[in-house]
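Chains as they are written, first to last, in full-length UniProt numbering: chain R, 1 to 345; chain P, 1 to 345; chain A, 1 to 345; chain U, 1 to 345.
Some clues are possibly wrong.
[Unchecked claim] Just some of the chain U residues that point at chain R, by a computed CB distance under 10 Å:
# : residue
1 : P120
2 : G197
3 : A260
[As the list claims (entries may be wrong)] Derived DSBU-like pairs: lysine-lysine, alpha-carbon spacing no greater than 30 Å straight-line:
#  : chain 1 : residue 1 : chain 2 : residue 2
4  : A       : K30       : A       : K111
5  : R       : K30       : R       : K125
6  : U       : K339      : U       : K3
7  : P       : K111      : P       : K30
8  : R       : K111      : R       : K3
9  : U       : K111      : A       : K339
10 : A       : K339      : A       : K30
11 : U       : K30       : U       : K125
12 : R       : K3        : R       : K30
13 : P       : K104      : R       : K339
14 : A       : K30       : A       : K3
15 : P       : K104      : P       : K125
16 : U       : K125      : U       : K104
17 : U       : K339      : U       : K30
18 : P       : K339      : P       : K111
19 : U       : K3        : A       : K339
20 : P       : K125      : P       : K3
21 : U       : K30       : A       : K339
22 : P       : K3        : R       : K339
23 : R       : K104      : R       : K125
24 : P       : K339      : R       : K30
25 : R       : K125      : R       : K111
26 : A       : K125      : A       : K111
27 : P       : K125      : R       : K3
28 : R       : K339      : P       : K30
29 : U       : K125      : A       : K3
30 : P       : K3        : P       : K30
31 : U       : K339      : A       : K30
32 : A       : K125      : A       : K104
33 : R       : K339      : R       : K111
Honestly, the hints are just simulated from the structure, not real lab data.
Please read these numbers as outputs of a predicted model, since none were measured by experiment.
Even glycine gets a Cβ: it sits at the ideal position worked out from N, Cα and C.
Protein chains: 4
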Amino acid sequence: MIKIGIVGGTGYTGVELLRILAVHPDAEVKCITSRSEAGMPVADMYPNLRGHFDLAFSEPDSAVLAQCDLVFFATPHGVAMRMVPELMAAGVRVVDLSADFRLKDLDVWAKWYGMPHETPEWAQKAVYGLPEVARDAIRQAQLVANPGCYPTAVQLGFLPLLEQGLVDPTRLIADAKSGASGAGRQGNIGMLHGEIGESFKAYGASGHRHLPEIRQGLSLAATGPVGVTFVPHLVPMIRGIEATLYAELSEPADFDRLQALYEERYRAEPFVDVMPFGSHPETRSVRGGNQCRMALHRQEQSNVVIVSSVIDNLVKGAAGQAVQNMNIMFGLDETQGLKAPALLP
Amino acid sequence: MIKIGIVGGTGYTGVELLRILAVHPDAEVKCITSRSEAGMPVADMYPNLRGHFDLAFSEPDSAVLAQCDLVFFATPHGVAMRMVPELMAAGVRVVDLSADFRLKDLDVWAKWYGMPHETPEWAQKAVYGLPEVARDAIRQAQLVANPGCYPTAVQLGFLPLLEQGLVDPTRLIADAKSGASGAGRQGNIGMLHGEIGESFKAYGASGHRHLPEIRQGLSLAATGPVGVTFVPHLVPMIRGIEATLYAELSEPADFDRLQALYEERYRAEPFVDVMPFGSHPETRSVRGGNQCRMALHRQEQSNVVIVSSVIDNLVKGAAGQAVQNMNIMFGLDETQGLKAPALLP
Amino acid sequence: MIKIGIVGGTGYTGVELLRILAVHPDAEVKCITSRSEAGMPVADMYPNLRGHFDLAFSEPDSAVLAQCDLVFFATPHGVAMRMVPELMAAGVRVVDLSADFRLKDLDVWAKWYGMPHETPEWAQKAVYGLPEVARDAIRQAQLVANPGCYPTAVQLGFLPLLEQGLVDPTRLIADAKSGASGAGRQGNIGMLHGEIGESFKAYGASGHRHLPEIRQGLSLAATGPVGVTFVPHLVPMIRGIEATLYAELSEPADFDRLQALYEERYRAEPFVDVMPFGSHPETRSVRGGNQCRMALHRQEQSNVVIVSSVIDNLVKGAAGQAVQNMNIMFGLDETQGLKAPALLP
Amino acid sequence: MIKIGIVGGTGYTGVELLRILAVHPDAEVKCITSRSEAGMPVADMYPNLRGHFDLAFSEPDSAVLAQCDLVFFATPHGVAMRMVPELMAAGVRVVDLSADFRLKDLDVWAKWYGMPHETPEWAQKAVYGLPEVARDAIRQAQLVANPGCYPTAVQLGFLPLLEQGLVDPTRLIADAKSGASGAGRQGNIGMLHGEIGESFKAYGASGHRHLPEIRQGLSLAATGPVGVTFVPHLVPMIRGIEATLYAELSEPADFDRLQALYEERYRAEPFVDVMPFGSHPETRSVRGGNQCRMALHRQEQSNVVIVSSVIDNLVKGAAGQAVQNMNIMFGLDETQGLKAPALLP
């Protein structure tokens, strides 16, 4: 049994970790912390967990966390950065669901997150936890930076094109759409049902924190600089991200082998599903599941490759991918605890 | 491994059975029938099942079904009634999710369902599959009539009051609300997103097919005739039923022991959760789960008991309860395949 | 041109007043106040008003308000109570959309609103502004207490029955459902889209502030005490209230004349629409409009009258009814500015 | 009073025309046809129109339509094409909301709409009714082809860039999202609430009928061929389109004058609103209104211009624009009947 600690468990990522771990056969949640809600049973905040956990939120306590095998951070940025060194020293392994260890260029990190990075050595040592790219490194890692939700959907969709050098890497466009749970669970007027129900809009169109993370990942795949435009949008639903990706094929003739290329690239991946050419993945087809589902499109008179890629932002985009990383780190079946089909309808 | 057949699997109840059975350790779906979609892989219709089932819909074939241990009917009314006798003769056990075997008074059945009942002997033998009332009979049954969605939420909410004779049985009111999946998956203009999104209404307020089923169940609990008014409403969401129940307490003093009574009545029930007095159960707290969650309320200057009861109409109100019945019938742990927490948010 | 002031204009009721008044031919908004947003153009907060208003929110200023012909209060309770006397003294007329002047029994008011009433004399003088009951008094009133949203839907639905003494007044049940805009526009976690989307629940089931207001109105209609149980629910939509009302008919024979009674009662009312017997009013049929639409139902073997009554909580339940009251107070056509059909779909 | 006929009034475009015309001071609907619903009062199908229209749907009758001043076609493609010549001969003016007269290249039309065009001479004479481009021609036109919903949002967003030749016309991308009402009101399983609620997906990504219409309009603005990729998506809401447009600026220095250029281009347009640079238009800000609202964005290290453009697909994208065209054709104030602010929240 892997002994699990969760730091910062009151948000949607926290409850999603609990939901998944509640039926994971090899993991047991030993503590879940929240300064603001210390003492409250988790099932009082999240009634879907009634009968599944007796646990209450507790004040974060290094000594307690140090007795865990694995600690998940589901905190705002800036928290894991400060707590990680002590846990590392204690030999605890960490999967950080926040943004603290995702970027290697800490000047870029500081600019987008509005504070200097305090543990640059761990930022360099951290493994960016996209299993489809870094499975072997994850297996060995003590510290895994769990990818952001948008970056997961966008990178998985673009990877085969960039790895094979088939498209112009300076002209990538990622038009992404997310349900409201991506904004977390805070008393933000802009996220009221009355504000976002029955409406659709872009946000962060002049620049969003996930842009440098996307750029970093795509540059690695392309082995060189990329030019990517990323515009997120808010969808009046709770869960789900769809990213529609546009790239210019250098050789139009290559269209014929794209489908095979994608299928081949992801054949062995348990959580990436390439649908038939011309399909339209729906976010509901991954609701509650750890899949990334994608399909390719081409329009007449055009050499633009179109990829539509969907995930559940709280699962493959956060808690599910974190558990997938845990499974890899601890040598378990990678799909353990993540086998149930998505909830449709 | 229990060999499972599903008749009429293209609707929401069918896909929900598949979703649950996909990870049930003791059951294996051997065939799923649909006349209209014969030949189509189930994963083509329901992409959440990609990777979970290789099965395609097939024409219903008695010989194939006869080799199953258990057949679920997820068909419109009138179908199971005709196919059941042959399966019974073959020794197959059946859980019918349609309305064919729910009512004992076949004149009432004929009136509400617009056709004479063709297998009255089986209508009498069928066990009404509400485990909280009839667990022992279900265990022995060859034919189980799986309760309707509204009747499940309403009966479980009223049962303790009626069994103990604490309220006026002639003045029961059940104001119930359901998400849109309850209407099934047919090309019905009235169920378009454009018609029911951002709107709320009553329907069937002058009489709904679940009224006689509710009346039958409540009469059994009250051991006498009951007067019940039942008004269903359509909520602009997909899953979930909430029933707000009103009854007049005969002795106001009894208010003090109601909470204890409910907790006692359902203490051993794995799928009924009585929340603290004055709580407000949310349908999302049971989304995708097999729970019925309920709470009691009292208003000042009043002897009206208020019960709010929620279920997922596709799970405890249909497919989940059917699998619960299967577990009971085959001597399995009653919660097998039904242990995952609900999907919240 | 009626010169209008609005106190507390940043909430949903405020923007709704502006939306309606933007095209009202006889009224001109001279000032709109908000302490927290003073200086911000209203069109910056509410982009639907771009091009309609040059106005900015301003600090409340008695001198400015005193120059208006009519001041609307769209404030939390406790504000109008304190500001009204000065405006009354200045001869300004007021429509208060808050709860400050709705109840005549100020002990009850103090209990439900958690503070003593500070201007009891004006609480007595205020006219409860339900035009279908008090049109003549409204015409003369200097101070109108605009009814609450639930009380509007519930009272209009019950009135004909109580005025005619046809039902048992001690056994009234009002099961009401509202969209999320009824909770206003505050940073309340419980009203996030992530919390209430795709979910349904009761709230305030043990007692809600609109209960004494409903009781007061129904008692006046019944000319005697009434017993009413009122349970509100939250619907995952933005606008709309549906109330399903239950009452026991004293004489079952009276069913035959109920429809005619309702039609007669509301024949001359421009904003009450009695649909044919057995209809199901939808909230979308009144979205953005000032109508209350209702229909009657009866179930077999029952002497319970069922009334389903719908309004837009922000229009007939708040800003629209306030403008209707203004029209009456100033001798205008009662439908002025309120003629557009509801927005469907 | 302009005498109005509507052919094919049972869909969402039909009811929207009626909603707008109900309070238009200069127009009177004389007949509205529907073969399938002939005899049914329009208010029975659309209860928001109760009290506004006594009209019933009628069989289409050329003699009756010939007595109208203006006939709107709100029909599937192929219908207006056949009926228009007779109305033209009778001197009636027509605004066709279907696709029959939008394309000038009838081979392209035939390919996308699956039938040969039967009245090519009228296809050539028809004026494409985008007032911001063709106001003078519309004024004189006997036959106006009302633009499609996506093409309206996309063209208005791209026009200033193309007219000024500031961007590479071969690399235009339009990622567009629409509410469900765009699919009309038919018994289509794919448009059930249970299918599209709480989900998001692309559709028509390999080619959509609005692509050639967009290409035609943008080519005219660019005075030369354009390369445009257009991907529509389905949003779980009823009304609204948002289009996020991407184009490469030829001279990065031109960014500084883009905002002024857009403001200048649309300064005199009553229904186009250019928001401040970096704003995020919401579809709800135009719900029920005839506006197109847009804003510009730029990301660091990029010469991609991003435009976010929103409309209500049923208003500026259909019925509202049709009434705007009517106003122009008949010399009325162009905003007549279209002045009310959008419904927010």
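Earlier hints that do not hold, by number: Of the numbered hints, 1, 3, 4, 7, 8, 9, 13, 18, 27, 29, 33 do not hold.
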